[in-house]
Amino acid sequence: MTSPLTLDAFLGELFDPGKALTHIPYMLLVVSMLMRDMSWLRAFAITAGVIRIFNRSFVDQDFIVAFWETALVGINVGQLMVLWYYAKRARFSEEEKMLISNLDPSVSRRTVRRLLRLGEWRNVEGDTVLIEEGRPVANLVFVAEGVAQIERGERIVAVCGPGDFLGEMSFVSGKPANATVRTARPGRILSFPQSSLRHAMRNDEELRQAVESGLNRNLVGKLAKSG
Numbered sequence: 000m001t002s003p004l005t006l007d008a009f010l011g012e013l014f015d016p017g018k019a020l021t022h023i024p025y026m027l028l029v030v031s032m033l034m035r036d037m038s039w040l041r042a043f044a045i046t047a048g049v050i051r052i053f054n055r056s057f058v059d060q061d062f063i064v065a066f067w068e069t070a071l072v073g074i075n076v077g078q079l080m081v082l083w084y085y086a087k088r089a090r091f092s093e094e095e096k097m098l099i100s101n102l103d104p105s106v107s108r109r110t111v112r113r114l115l116r117l118g119e120w121r122n123v124e125g126d127t128v129l130i131e132e133g134r135p136v137a138n139l140v141f142v143a144e145g146v147a148q149i150e151r152g153e154r155i156v157a158v159c160g161p162g163d164f165l166g167e168m169s170f171v172s173g174k175p176a177n178a179t180v181r182t183a184r185p186g187r188i189l190s191f192p193q194s195s196l197r198h199a200m201r202n203d204e205e206l207r208q209a210v211e212s213g214l215n216r217n218l219v220g221k222l223a224k225s226g
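Numbering-wise (numbering that gives the first Met the number 0), the sequence shown opens with residue 0 and increments by one.
None of these hints come from the bench; they were simulated from the model. Treat the hints loosely; a few may be bogus.
[Unchecked claim] Here are the simulated SDA-like cross-link-like pairs (lysine to any residue), alpha carbons at most 20 Å apart as the crow flies: (1) K224 <-> G160; (2) K18 <-> V58; (3) K18 <-> D61; (4) K87 <-> S100; (5) K87 <-> S105; (6) K224 <-> M168; (7) K174 <-> G152; (8) K224 <-> R151.
Can you build the whole structure from these sequences, using the hints too?
Have a look at this one:
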């Protein structure tokens, strides 16, 4: 019958230098779970796996576990290569880079591509009403070129330009527009159907974080300009 493990015995096992090859991989796996970038997550997981393969093959000589660790490392290496391939292949236009500059720097290119696919680029003439006060807002709009004026009644209360989102308050709250948005001159916008964007965000956590970070950053910028 084995004796119960005491606290002193547990701490002795925990801080035993001979157990380093057991502890380090798990520490790396914990760190990997804190990574928001998938490339770093997989890189830490691969490093942890390689250490465990060495430990199981040459120290513990548990070749069954070493085999499965090798399989997991192989899968992670393959997925990392796919991420690097898409990252290298992706090239963004200047107007797309303007949108990206509003997002959190840690957002992956893959997520940016998915976000861009949800929107539609279009040119707009001057004096085009994009959002009408008191009515439901169909689209979240990103301004790439041109100027839009925000009107309440017949009064212009604000002006938005390249890099700004329009209709974000309605997108967040789900309420009708509290102002009219009208283009002051010809421009170019990226229009996201609210229903499609919300659905995509519910099914993609990284996309949700990307959109929310973009709206928050833009709101801070608007408040800074108005102040």
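Going through the hints against the structure:
1. K224 <-> G160: 12 Å, holds
2. K18 <-> V58: At roughly 11 Å apart (the allowed maximum being 20 Å), V58 and K18 satisfy the hint.
3. K18 <-> D61: 15 Å, holds
4. K87 <-> S100: Within the cut-off at roughly 18 Å; holds.
5. K87 <-> S105: 16 Å, holds
6. K224 <-> M168: The hint holds at about 17 Å.
7. K174 <-> G152: With a Cα-Cα distance of about 18 Å, the restraint between K174 and G152 holds, given a limit of 20 Å.
8. K224 <-> R151: 19 Å, holds
In this structure, every one of the numbered hints holds.
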